[in-house]
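There are 2 protein chains.
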Amino acid sequence: MLPDQQLLRIPGPTPIPPSVQRAMLHPMIGHRDQETKELLRKIKPKLKKVFETKEEIAILAGSGTAGLEAAVTNCTQPGDEVLVIVTGVFGERFAKICEAYQLNVHRIDVTWGKAVDTLDVENFLKGHPSIKAVFVTYCETSTGVLNPIQELSNIIHTNSDALFIVDGVSAVGGVQTKMDEWGLDLVVTGSQKALMLPPGLTFVAASKRAWEVIEKNNIPTFYLDLQKYRENILSDSTPFTPSISLLFGLNQVLDMFEKEGLENVYERHQLMKLMTREAFKAWNIPLLTRDSCASPTVTSVIPNDFNPDALRKTVKNDFNLVLAGGQQELKGKIFRIGHMGYCSPSDILQTISLIEIGLVKTGKNVMLGSGIAAAQKILTKEVK
Amino acid sequence: MLPDQQLLRIPGPTPIPPSVQRAMLHPMIGHRDQETKELLRKIKPKLKKVFETKEEIAILAGSGTAGLEAAVTNCTQPGDEVLVIVTGVFGERFAKICEAYQLNVHRIDVTWGKAVDTLDVENFLKGHPSIKAVFVTYCETSTGVLNPIQELSNIIHTNSDALFIVDGVSAVGGVQTKMDEWGLDLVVTGSQKALMLPPGLTFVAASKRAWEVIEKNNIPTFYLDLQKYRENILSDSTPFTPSISLLFGLNQVLDMFEKEGLENVYERHQLMKLMTREAFKAWNIPLLTRDSCASPTVTSVIPNDFNPDALRKTVKNDFNLVLAGGQQELKGKIFRIGHMGYCSPSDILQTISLIEIGLVKTGKNVMLGSGIAAAQKILTKEVK
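Chains as they are written, first to last, in the working numbering: chain A, 1 to 384; chain B, 1 to 384.
Take these hints with a grain of salt, some might be off.
Identical copies carry no separate label here, and so any pair may be met within one copy or between two of them.
Pairs of lysine to any residue, SDA-like flavour, derived with a Cα cap of 25 Å [claimed, not checked]:
{"#": "1", "residue 1": "Lys316", "residue 2": "Arg41"}
{"#": "2", "residue 1": "Lys42", "residue 2": "Gln227"}
{"#": "3", "residue 1": "Lys46", "residue 2": "Pro303"}
{"#": "4", "residue 1": "Lys178", "residue 2": "Pro220"}
FYI, nobody ran anything at the bench for these hints, they're computed from the structure.
The whole structure should be built from the sequences, with the hints applied where relevant.
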């Protein structure tokens with residue numbers, strides 16, 4: 001094993017691109033200096049293109065969960081009836097935050113590994129006209145499911161006045177998110193997923209409708225008060241000391257997106273998903289999710305004849321390839337491969353080659369070259 | 001002016017040491033990996049030495065204000081009577097957070113530039129036996145005042161059962177903070193001050209007494225719930241994705257502290273304070289604070305015959321030396337020099353030399369070499 005080489009293929013954090021590392025090495029500057037203002041001024045329009053919104057986006061120092069909590073506290077009041085669509089660990093987290101803030105929480109619980117059935121949401125909303133907000137996870141990182149956000153948005157806005165609040169944490173930047181066109185009211189994401197930065201920034205984009213609700217909201221909050229962030233970002237500033245190094249990195253990430261072209265970024269993620277899935281199909285190892293709801297950023301595998309954690313241990317020991325395990329009820333049952341952010345189809349070929357060796361070593365009867373050939377076929381078709 | 005050279009002498013963020021920059025370049029790792037656990041395991045005991053506490057310290061991704069808010073929400077309930085000692089912008093911030101959470105806020109307002117008179121606190125507490133918590137700023141960054149924390153702690157604990165909650169943001173790591181010995185119940189700090197890291201981490205250390213109050217507290221909070229951080233840090237983990245790059249940097253900062261010796265770190269800050277103050281005394285330019293309450297980390301100057309912002313502009317334009325202006329009621333009246341974190345007595349000689357030239361250029365009648373000689377005398381005495 002080459003010392004100092006780690007192949008990080010978990011669903012976030014992802015490896016950091018060298019040019020982003022270099023950008024973050026910028027000497028420290030004052031957070032109230034003109035240079036910080038200029039940095040924010042450069043970031044703003046490029047960031048809006050990623051969310052496909054014309055509205056202002058709050059940039060907070062914090063983990064993604066801080067962004068999810070900001071979504072809850074700024075858009076709801078204690079006692080409000082809300083619907084949380086729970087498709088895994090992060091839907092569960094939304095529900096827990098809503099419960100902590102004493103909302104009247106209704107849940108649609110979906111079997112982990114499946115996307116929500118939009119008909120269930122439609123029927124629920126028809127019977128619950130006073131729902132103030134619907135919370136959903138775009139890409140459920142714990143299962144690799146991509147929920148049908150655009151369709152959900154149509155259904156929610158047709159059948160209710162609820163705000164549609166989306167956890168976009170392992171989606172935005174890797175999966176198209178047409179916030180304004182699709183009518184998403186609030187989209188949250190974090191820095192360490194498809195935005196390929198270290199963890200430490202969270203983003204909250206809100207629609208005109210959402211800002212109206214937020215403006216009227218007066219429940220106690222201070223650090224997560226989105227109005228403060230909006231007022232400040234309008235003049236290229238932040239209410240509290242921002243994570244300056246991460247902002248330098250973010251600006252570089254956004255430049256990389258412009259250079260590659262956002263459409264190409266999304267296609268690259270689609271391609272990596274297909275390559276990964278085809279390999280497991282060739283090996284005849286079950287995937288947790290159907291093709292129709294598989295996320296372009298993370299793939300979950302649910303083996304029926306070997307221990308996923310034994311495989312993870314093997315490839316970690318032999319090649320320093322890091323895969324993620326299952327969480328909570330899926331612990332010990334699945335493993336997850338992250339293919340987002342600073343990750344290319346070539347990296348996926350490497351990942352699959354190593355997993356293939358790991359499978360053989362774990363005693364699984366696969367033929368060397370079989371999974372990788374399936375992935376190569378996809379790639380050959382795409383790049384011809 | 002040398003391109004790419006900025007002399008950042010504001011009271012935080014401070015320049016980042018090269019070895020800390022290098023540490024933060026560590027390739028990204030998974031936040032649930034063994035390597036992250038090992039990193040936290042290394043950080044914990046060294047961090048406790050800085051706070052001089054045996055209790056666990058919560059490490060949160062966020063600005064210092066997130067830490068201040070965590071102090072308020074975890075230790076109080078709506079309607080609680082609290083006392084906030086307001087000596088400047090950051091005392092005011094504590095008051096605003098307490099008001100946002102509907103506490104019954106009593107204030108002791110101190111003229112900006114002065115430390116609180118401990119007798120006022122004693123008298124207040126004797127007349128208000130139901131005060132649940134007293135909030136104070138250790139170093140008030142907006143004025144350069146160091147409040148008498150140890151004496152305040154004695155008075156508070158002798159005269160009440162209140163928790164003593166300290167904003168240590170531009171003090172901890174630059175000024176001794178004997179948390180356990182002095183009986184401080186909660187100490188908050190941020191990464192970008194004397195800890196010489198980029199902004200993005202905040203720390204909350206709590207005493208046994210404080211943890212007991214926190215455990216019983218059940219007001220709605222999620223991301224800032226200190227109990228979650230305590231439970232996790234006990235097993236070398238964090239409840240939410242930590243700012244991994246900053247943790248690598250923090251570990252290196254703490255190693256630098258061990259190498260220099262914490263006592264020497266504090267002496268260096270004292271020395272830089274003295275050198276700075278003696279220069280201004282030699283120039284006959286008034287300092288905002290008395291010697292007896294001057295912070296070792298930041299010095300405020302209140303000129304009576306020139307415009308502080310004109311001086312700041314001159315040294316910025318000519319030498320890229322960045323000084324801070326006054327905030328709120330002191331805007332346009334003072335300027336502030338940060339001498340903390342990655343800053344040495346040699347750097348202070350440079351800063352003073354440049355300010356001296358700036359003063360001459362601004363039309364102030366000072367003799368070249370006069371201020372710097374005063375600072376040199378202090379340094380010569382110290383290093384002889």
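For each hint, the structure was consulted:
1. Lys316 to Arg41: between (42 Å within a copy, 21 Å between copies)
2. Lys42 to Gln227: within (21 Å within a copy, 39 Å between copies)
3. Lys46 to Pro303: Result: close neither inside a copy nor across copies, 41 Å intra and 43 Å inter.
4. Lys178 to Pro220: neither (31 Å within a copy, 33 Å between copies)
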